[in-house]
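All chains should be modelled from the sequences, with the hints used to inform the complete structure.
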Amino acid sequence: MVEEELKKTALYEVHNSLGAKLVPFAGFWMPVQYQGIIAEHKRVRNTVGIFDVSHMGEFEFSGADAEQFLNRITINDVTKLQPGQVQYSAMCYEDGGIVDDLLVYRFEDHFILVVNASNIDKNREWICENLPLSGVDFDDISDDIALLSVQGPKSLEMLKTVTTPDLESLPYYHFLDGQVTGINAIVSRTGYTGELGYEIYISRSNSEELWHNLFEVGKPFDVEPIGLGARDTLRQEMKFCLYGNDIDAAINPIEAGLGWITKLKKGDFIGRDALIKVKNEGVKRKLIGFETSGRIIPRHGYPIYAGGREIGITTSGCHSPMLERGIGMGYVPVALSEPGIKLQLNVRKTEHPMCVVKTPFYSPTKT
Amino acid sequence: MNIPAELLYTKEHEWVKFEDDVATIGITDYAQGELGDIVFVELPQVGDTIRKGETFGTIEAVKAVSDLYSPLDGEVLEVNSSLEDAPETINSSPYEDGWMLKIQITESVQKNDLLSADEYKKIIDEA
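Chain order of the listed sequences is A and B.
Under this note's numbering, the first residue of the first sequence carries the number -14, and numbering increases by one thereafter.
Under this note's numbering, the first residue of the second sequence carries the number 55, and numbering increases by one thereafter.
Quick caveat, the hints were computed from the structure, so don't treat them as lab data.
On a predicted model such as this, the values are computed, not experimentally measured, just so you know.
There may be inaccurate statements among the hints.
Unchecked claim - Within a straight-line C-alpha distance of at most 30 Å, the following computed BS3-like cross-link-like pairs (lysine-lysine) qualify:
id: 1; chain 1: A; residue 1: Lys6; chain 2: B; residue 2: Lys175
id: 2; chain 1: B; residue 1: Lys176; chain 2: A; residue 2: Lys(-7)
id: 3; chain 1: A; residue 1: Lys334; chain 2: B; residue 2: Lys176
id: 4; chain 1: B; residue 1: Lys106; chain 2: A; residue 2: Lys334
id: 5; chain 1: A; residue 1: Lys334; chain 2: B; residue 2: Lys65
id: 6; chain 1: A; residue 1: Lys6; chain 2: B; residue 2: Lys176
id: 7; chain 1: A; residue 1: Lys(-7); chain 2: B; residue 2: Lys175
id: 8; chain 1: A; residue 1: Lys334; chain 2: B; residue 2: Lys156
id: 9; chain 1: A; residue 1: Lys6; chain 2: B; residue 2: Lys65
id: 10; chain 1: A; residue 1: Lys343; chain 2: A; residue 2: Lys327
id: 11; chain 1: B; residue 1: Lys176; chain 2: A; residue 2: Lys(-8)
id: 12; chain 1: A; residue 1: Lys250; chain 2: A; residue 2: Lys262
id: 13; chain 1: B; residue 1: Lys156; chain 2: A; residue 2: Lys(-8)
As the list claims (entries may be wrong) - To be clear about the criterion: a stretch of chain A counts as covered by chain B if any three or more of its residues have a C-beta under 8 Å from a C-beta of chain B, and this derived list gives those stretches:
id: 14; segment: 209 to 221
id: 15; segment: 292 to 306
C-beta atoms are modelled at their ideal positions from N, C-alpha and C, and glycine is treated no differently.
This is the structure:
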């Protein structure tokens, strides 16, 4: 992508003034780090940090048939959602490959889907291709919505005095429609870090005001801005999938470990026939979590070996700031996917030991 | 951005310091900043021969891995073994304690292909 064509979030200048390193990501200039990935990662694990993730896409659906349509185009069961609830889900192609993973928000009279920035255009086209002629109104509101994510064990303490209605009683994967520091906001108890945390959706034009307010409110909690670099290492410690790395159009949700959001019994949906077949025949490969020893650090696309033969490939990997060793995710044959199994990771043409482990790799602070 | 005037540079962001026929090699302040937190560096061994323009090692930051390119031909005389346990020294002191290799050089003319501090600064400014 030509750099001039990259979009900027409303906080671009703020990030610049904070000394962030801004890089092209999913069509946007995004802050990859401010102070350093390890410090930012630990900030979120130990107290609280704020991410600008306004690049994420938001699609609004309304109309008499909106629920029915969303239940057909996503794999989780939308009919189980109460107003005020959020659901992790995905869209699949007819062959069971994943279009995108996403969140579904149910309001009284409409829905919002939150999708990956890198897939906004593709998702919009896929939805339009499948949209019925009437009964569903669909609007891509991504450019109007900003998203700040406040994550960490101190996030509730920090936000509760400036949020209405009451934040303390908000359960996991629920949202409220209210105000944060007097600014209209949708606040959901969701995140991509494994920690207690909240995602705050606001009008783009309120981004800067809310950002500054949150840093004022967060001062006693040592709040810091967190870049996408730490967002990636935080999600990897939890073995959360990243589209384009661990899941894509050639991978089905069952082998990716997303069987728990794949509701084959809910009735017809796009990809169901293919996924029933996968389920009946059993998956051939599975997404594992593994650790390396020494100073070997796995990355996306490294070959995995067993007995001198290439049997799989890594999809994500990094140095875990909390565990201080290499952790990774990858696909291997089911027979070799059990925790404790020892395999070899091919790093720059040399084999190094790796071990399949239970995940998440890291257990977040209990709150 | 720290770019010491007395050193020579490559466009791959390595620095070289010459003392008689020995060259000390490391990566620049700009390079360590771009890489972020460095967690591992893989270097050749004493006695290995490295070739100009070819990779002589790798550097792992939290986020990504990068190759290290040799600025000149030579034989490895000494490796900074403290980097094995404390690779973050490259972040904190790229030109001093974070040096990587000392090389026995064979041809002094190799200097001519390297960049001065001013020339290197121009490359950074355009990056």
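Against the structure, the hints:
no., hint, result
1, A:Lys6 to B:Lys175, "holds, 19 Å"
2, B:Lys176 to A:Lys(-7), "holds, 27 Å"
3, A:Lys334 to B:Lys176, "violated, 36 Å"
4, B:Lys106 to A:Lys334, "holds, 22 Å"
5, A:Lys334 to B:Lys65, "holds, 27 Å"
6, A:Lys6 to B:Lys176, "holds, 20 Å"
7, A:Lys(-7) to B:Lys175, "holds, 28 Å"
8, A:Lys334 to B:Lys156, "holds, 26 Å"
9, A:Lys6 to B:Lys65, "holds, 20 Å"
10, A:Lys343 to A:Lys327, "holds, 13 Å"
11, B:Lys176 to A:Lys(-8), "holds, 27 Å"
12, A:Lys250 to A:Lys262, "holds, 13 Å"
13, B:Lys156 to A:Lys(-8), "violated, 45 Å"
14, 209 to 221, "holds (count 3)"
15, 292 to 306, "holds (count 3)"
When the structure is compared with the earlier hints, violations turn up for hints 3, 13 and for no others.
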